[in-house]
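Colleague: Here is how the chains run, residue by residue.
4 protein chains.
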Amino acid sequence: QHPFVLVSGPCVLEDLDMTLHIAESLKKLTDQLGIDFVFKASYDKANRTSVSSFRGPGIDAGLEMLAKVKSEFNVPVVSDVHDATQVAAASQVLDIIQIPAFLCRQTDLLVAAGNSGRVVNVKKGQFQAPWDMKHVVGKVASTGNEQILLTERGASFGYNNLVVDMRSLLIMRELGKPVIFDATHAVQLPGGADGASAGQREYVAALSRAAVAIGIDGLFWEVHPDPECARCDGPNSLYLKDLQPILESLLAVDAVVKNR
Amino acid sequence: QHPFVLVSGPCVLEDLDMTLHIAESLKKLTDQLGIDFVFKASYDKANRTSVSSFRGPGIDAGLEMLAKVKSEFNVPVVSDVHDATQVAAASQVLDIIQIPAFLCRQTDLLVAAGNSGRVVNVKKGQFQAPWDMKHVVGKVASTGNEQILLTERGASFGYNNLVVDMRSLLIMRELGKPVIFDATHAVQLPGGADGASAGQREYVAALSRAAVAIGIDGLFWEVHPDPECARCDGPNSLYLKDLQPILESLLAVDAVVKNR
Amino acid sequence: QHPFVLVSGPCVLEDLDMTLHIAESLKKLTDQLGIDFVFKASYDKANRTSVSSFRGPGIDAGLEMLAKVKSEFNVPVVSDVHDATQVAAASQVLDIIQIPAFLCRQTDLLVAAGNSGRVVNVKKGQFQAPWDMKHVVGKVASTGNEQILLTERGASFGYNNLVVDMRSLLIMRELGKPVIFDATHAVQLPGGADGASAGQREYVAALSRAAVAIGIDGLFWEVHPDPECARCDGPNSLYLKDLQPILESLLAVDAVVKNR
Amino acid sequence: QHPFVLVSGPCVLEDLDMTLHIAESLKKLTDQLGIDFVFKASYDKANRTSVSSFRGPGIDAGLEMLAKVKSEFNVPVVSDVHDATQVAAASQVLDIIQIPAFLCRQTDLLVAAGNSGRVVNVKKGQFQAPWDMKHVVGKVASTGNEQILLTERGASFGYNNLVVDMRSLLIMRELGKPVIFDATHAVQLPGGADGASAGQREYVAALSRAAVAIGIDGLFWEVHPDPECARCDGPNSLYLKDLQPILESLLAVDAVVKNR
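So the protein sequences, as listed, match chains A, B, C and D. Position 12 of the first sequence, counted from 1, bears residue number 12 in this note's numbering, the numbering being contiguous throughout. Quick note: to get this note's numbering, add 1000 to the position in the second sequence (first position is 1). Quick note: to get this note's numbering, add 2000 to the position in the third sequence (first position is 1). Quick note: to get this note's numbering, add 3000 to the position in the fourth sequence (first position is 1).
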């Protein structure tokens, strides 16, 4: 029974210096706390609310930045892919290929990700019942690749709001795959701000505690040194400087739940 | 910072012997674990799915049974009232007057409960936004009675299903009143069985851990020595014999969250 | 195959003059259009969002006003009852006893209404699956009274919003009872204004056309000569002066759907 | 004020003979009724529930079949594209490029579709508020292409169910683009059968009437000569032989609503 893994980083790659700074901070903190760490950042935000939103450095420059994080700090890295043509390049660098929630039923993308031989992390769609993730697992596993992670990030609840159905963590775990809770996307208010998604950072710590208390294998957080200036998902990102006490409390809950 | 209070008992009063047996077991267990205990049971199930369902002993016989529980074990008791005319009699016996979720906006009932001088526990309606409970609090408090408890028991999520929005525990707490999580009603599948509500007992312990991890003042559980034979809400009631290890784990989480 | 019946009037009884004025206007208009008419108004709004909201003249004065409407214009009248104790007095005057949506599962109220011998109109709860209305029908019909109407008024869809699932009109019709569409409550935004429900009057005509196109037995509208000054539900009430062209269009759709 | 356009055909291209048979039948019927007709069929079902489900002939063979339909019957054709790389080939044949609902926020796909110069039909995601389609329109229109259609196909309503919020037809119309109602996908029960989506064909005609009564520019139906044997979406497809009386009734409603 291991503590939860922390999958964390900025929403989108901004510049190399900041990327390395965030990775280094997270690596130090997780080493100190005895938590396994995976660095996460997107090279391209392919489904921003508005066409004029910042999308990131693109796949080539982005993968280069992620490769630097990987070599410099010796941490695994994860990022999103958006169609099957990106998988070959991405799997050269990424340890974990992530399938965005809206794309969690796109067969070609899931199969390409499976064929890469990398671990595949699929985010459950906001429209998807947790038990129906078994078919998603089946699509990836049809390639012979059973290294699959499943991530909860909230379900549609009326308009411009998501709800976390904590039962889904248990239902997905019964599919035999590790389950991750994406606490920072779960508090998004999709499209809730004009031309961008709003978010509720104030609930991230509490929902994370709830998920850890249910029992999870990993926790996914978007973090930023200065979320007010983040180029994507600032309203739901955590302040880098605030993480330590939250993680300590989560580890204590995790230890209770996993009888460590 | 106290541990959560346990509000517990059978869904409906069946017979006196069983009532006393359940109360005694719960009293012993909570004393041993250092948890405050309130005995809960309904004298009348006024909104069963079907007209032919068992409703309980009625208000007079029911209050008598509750009075015996109270005197025999020296525990406070709580039960539902269903219209303003019941409040006078009920408040002779009950320490806490409970307002059912469907009735959480009925002004006369809330005002009558407030005027009783007893503590009033209002269950949030399945149709009600958590921030709108401020108006419910206002109705009770208009009587000068500020002893109000607010209970989360799930929100409508499509048909025949409820979801617990864990954010609601935090939102209601901001109203300045103690918040209770009703874990056994939260796993009901309303009307999901033909002529009765189905339930998912298997999620009660995990959802309770999640709510305790968020931080709550009380936990509400329907329990029964033999839920398969319970005359109401069996599918979501916990087995009396199973409570101890669950409560111990919850207390450990509660201690972490409340820094005890 | 008859045209739909119009059930209409102000949300709440304000004063007698206005009440008679509205009733007379509606009676004239429906006579002219060949539509059967039932006058509707509440004597008590028992579940307003806030304790300080206007509630109406109360049962005695209210029933007196409704009796005047009935005798003066020779129209049937309908109003809400809120607990079983009101049914005896109400059924002296009312042709149709209406059960509010939040109370649609309260067994005693349904049975009392059934026993009155009057027609009983039950509004489907915002939390209730349409197929589960069969148990509601069963509660009323347990008294031997089969004169039951079922009304759709929207289902909970996230917080502070309702959605009309038009399938419900068909599902409830299969229960063998006439189905009414309450278009003005269906566009409420419950609790959406601070301390009162907001509403979307602009969608009433279109949703009414949709329901009539599905095929309904009755249409329920709250109307007011001056909704901006209405003491309840103004934002979703129709202007009395606007009804004629809307009704004419609805009658034309109704004739198509019912092959008249 | 024109009658609604009918966009119709089988869910997926099966074989050429059946394709031509369906197209010919629909062309004859719509000519006879004076309805404009667009033939619809998918060359690839890219997000079936299960990896082993039939997906169609693929893009090359599929576009060839669609080209034959177009030349033989002189009708415009529409089909889905699933990533930006497909748009160039697809726009050689298709008159309308369709963006699937799950992909309605994928910027690259929307921009590629816009750049094709073809009409772009975007299905509103099951997770998307209707007002947020303005940003989707903005993505396509950023290419200078303003020929955009918006399609309603239901919103997530709990698990394994969709609800049609008829208000969305009006809200999307305010964006200044023609609005289509996809009645056969709106009655899907996503993932509701084991390994495939179930559907409720019995509600298609009534929901279509409701949408036409609201006022729409187009109606989208999947049809099949033998839905029980259809290789995709059989449970929600209409029988080809049943269309005429339904369309006649819809035309009559359409004429009332549009004052023709």
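Honestly, the hints are just simulated from the structure, not real lab data. Mixed in with the good hints, there may be bad ones.
Said to hold, decoys possible - List of simulated lysine to aspartate or glutamate pairs, EDC-like, C-alpha gap at most 16 Å: (1) Lys2258/C with Asp3226/D; (2) Lys1258/B with Glu248/A; (3) Lys2241/C with Asp2226/C; (4) Lys3258/D with Glu2248/C; (5) Lys258/A with Asp217/A; (6) Lys258/A with Glu1248/B.
Colleague: Indicate, hint by hint, whether the structure satisfies it.
Modeller: Here is how each hint holds up against the structure:
The hinted pair formed by Lys2258/C and Asp3226/D fails the criterion: a straight-line CA distance of about 29 Å is larger than 16 Å. At most 16 Å may separate the alpha-carbon atoms for a hinted pair to count; Lys1258/B and Glu248/A meet this at roughly 13 Å. Distance restraint check for Lys2241/C and Asp2226/C: the Cα-Cα separation of roughly 9 Å lies within the 16 Å cut-off, and the hinted pair is therefore satisfied. Only pairs whose Cα atoms come within 16 Å are accepted, and Lys3258/D paired with Glu2248/C is accepted, the gap being roughly 13 Å.
In summary, the hint linking Lys258/A to Asp217/A is supported, as the alpha carbons are separated by about 11 Å, within the 16 Å threshold. Using a Cα cut-off of 16 Å, the hinted pair Lys258/A and Glu1248/B holds, with the two alpha carbons roughly 13 Å apart.
Of the hints listed earlier, the one the structure fails to meet is number 1.
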